[in-house]
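K.L.:
Keeping their order, the protein sequence lines are chains A and B.
Here the first sequence stands for residues 250 to 550, numbered as in this note's numbering.
Here the second sequence stands for residues 250 to 550, numbered as in this note's numbering.
Treat the hints as calculated values from the structure; they're not laboratory data.
None of the values given here were measured: they were computed from a predicted structure.
Some hints here could point you the wrong way.
Claimed, not checked - Computed, partial: chain A to chain B, Cβ under 10 angstroms:
| hint | residue |
| --- | --- |
| 1 | M292 |
| 2 | D363 |
| 3 | T365 |
| 4 | A366 |
| 5 | I367 |
| 6 | M409 |
| 7 | G411 |
Even for Gly, the Cβ is constructed at its ideal location relative to N, Cα and C.
Number of protein chains: 2
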Amino acid sequence: MSEVMTSDLLSVAMAAAAEQLESVIDSLIAVPPGPEARVFEAMRYGTLNGGKRLRPFLVLSGARLFDVPDALALRVGAALEMIHSYSLIHDDLPAMDDDDLRRGNPSCHIEFDDATAILAGDGLLTLAFEVLADPATHPDAEIRCTLATSFARAAGAAGMVGGQMIDLEAEKLEATPELITRLENMKTGALISLSCESGAILGDAGADARAILRDFGYDLGLAFQVTDDLLDVEGDEANLGKKVGKDAAAGKATFVSLLGVEGARREARMLVDRAIARLEGFGKDADAFRQMGYFVLERRN
Amino acid sequence: MSEVMTSDLLSVAMAAAAEQLESVIDSLIAVPPGPEARVFEAMRYGTLNGGKRLRPFLVLSGARLFDVPDALALRVGAALEMIHSYSLIHDDLPAMDDDDLRRGNPSCHIEFDDATAILAGDGLLTLAFEVLADPATHPDAEIRCTLATSFARAAGAAGMVGGQMIDLEAEKLEATPELITRLENMKTGALISLSCESGAILGDAGADARAILRDFGYDLGLAFQVTDDLLDVEGDEANLGKKVGKDAAAGKATFVSLLGVEGARREARMLVDRAIARLEGFGKDADAFRQMGYFVLERRN
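For reference, chain A alone in the conformation it holds in the complex:
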């Protein structure tokens, strides 16, 4: 009973954060007059599309641990969501994963065209750093620079971009749990981990707190990926807003193909347990993070 309550309260909190976040992104991407308007429209299409806003919610939850105003956390959350959205736009391209559907709608390159989608992704990635470096994000420029370098490492070739490269190379490699873990830690874990750590950066917390939240985020991110693989096997297309069974059809190695459905479920549960155990020192203030762990295990989309 108490978990149902928790889960309901979490949904309300996430929906409220998502609404605030969309309003921030809306104000950060204004469409200008002139023929360049098209790329701005594609940038809006790729970000203002009703995602779960998991990453911004994690930033907000972390920021509240360190008494950082929501307004700052929402800008960092917007930057994270821009980078997440750009990666989806580029990953969906025919030259990459060739996905026509994203969150139940035509992918950006279907709604616009391939060239516009490439440019929209480039524009969003660039805008994320403009937002981070702007004084409105934090009065202390050292903190803004720490955010920018942390974002660049998580999103770049040593992080998300490198993870997508491994994903494309993976069919030539021997699939092992170690390879898939490394791939997913880079491709999605680095950005989710940074989402959990960002509040501590904004709050100028010590290296210890940052490391704990970063590790929490890697566990949470990997659990999220394991349940993603499970949803591709067991999920409902209408709920998910994307096709299911894609991994198996593509002969792609996933946590489910390597560990089986039950093994993958155990792995997700273990990761969430470990993640939550890391939060011991934070007391009740970190309940939003703990609830996110349960959310990941129970999610249906």
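Given chain A's structure and the hints, the job is docking chain B onto it.
P.N.:
Just chain B now, with coordinates in the frame of chain A:
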């Protein structure tokens, strides 16, 4: 006679700067072990390919005006060159300008593949901001943030990315000198202008000096584009390392198609004269910038 001397000295100075720059980029893009190596190799391929390094040379020239150490300017120059290179990698893709040849070599997507080229571009754009925000680029975090926001504005949807969007839309629009000027100011001018201004940012020069060098850079950048259009008509393929006659074959509006060859030559000369006149207050220290004006008028590739 004195112009030939100038031009020779400039070539020597540019070659020396290019060598230093390549060594900085080389150290900033180390190939790791593991299957993500491929994207790092593509990033190196797209940047360490013997470009003219015009932009880093402009940063160095500006930095010397304000007694900024070369080591800092070279890092900013490397970031500029990463952004310039990423834009070429993405522009060359089949979905965009579909160019197989770049600087006399196979384009990145030909040497690797489309997906790797998209990721290499993404990785370079991200790395540029990592370099800018790193304390090694300048001890003052406010200045690093100013660099990052200036770069993002010049490179993003309100600058270079928006210019490429207009370029793709241009065939649907009425070609006028105003449209082409706006297109080129966004697509290439903003980054060249920023190259000229960056030294003043690093040197914490006042708003007046920054504005003068920014305006100088826009004139120089537009002159560069006009001579680019002229080289597409009159240039030598072997010298250029790319095909000529592409604009006319594509029915593309250029300064040459709008103004004629003689008109375009006059326009380039006018722009360089105006650019150099802007430097009046800087005295002899700004000779490198003045020489760049003549270089643009005389260039053969």
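K.L.:
Each of the hints needs a verdict: does it hold here or not?
P.N.:
Now for the hints, and whether the structure bears them out:
The beta carbon of M292/A is positioned within 10 angstroms of a beta carbon in chain B (closest approach about 6 angstroms), and the interface hint is therefore held. The interface hint given for D363/A is met, as the beta carbon of that residue sits about 4 angstroms from the closest beta carbon of chain B, less than 10 angstroms. Because the smallest distance between the Cβ of T365/A and any Cβ of chain B comes to about 7 angstroms, under 10 angstroms, the interface hint for this residue holds. The restraint placing A366/A at the interface with chain B holds, with a minimum CB-CB distance near 8 angstroms, inside the 10 angstroms limit.
For the restraint placing I367/A at the interface with chain B, the shortest Cβ-Cβ distance is roughly 6 angstroms, inside the 10 angstroms limit, so the hint holds. Annotation: interface hint on M409/A holds; nearest CB of chain B at approximately 9 angstroms, less than 10 angstroms. The restraint placing G411/A at the interface with chain B holds, with a minimum CB-CB distance near 4 angstroms, inside the 10 angstroms limit.
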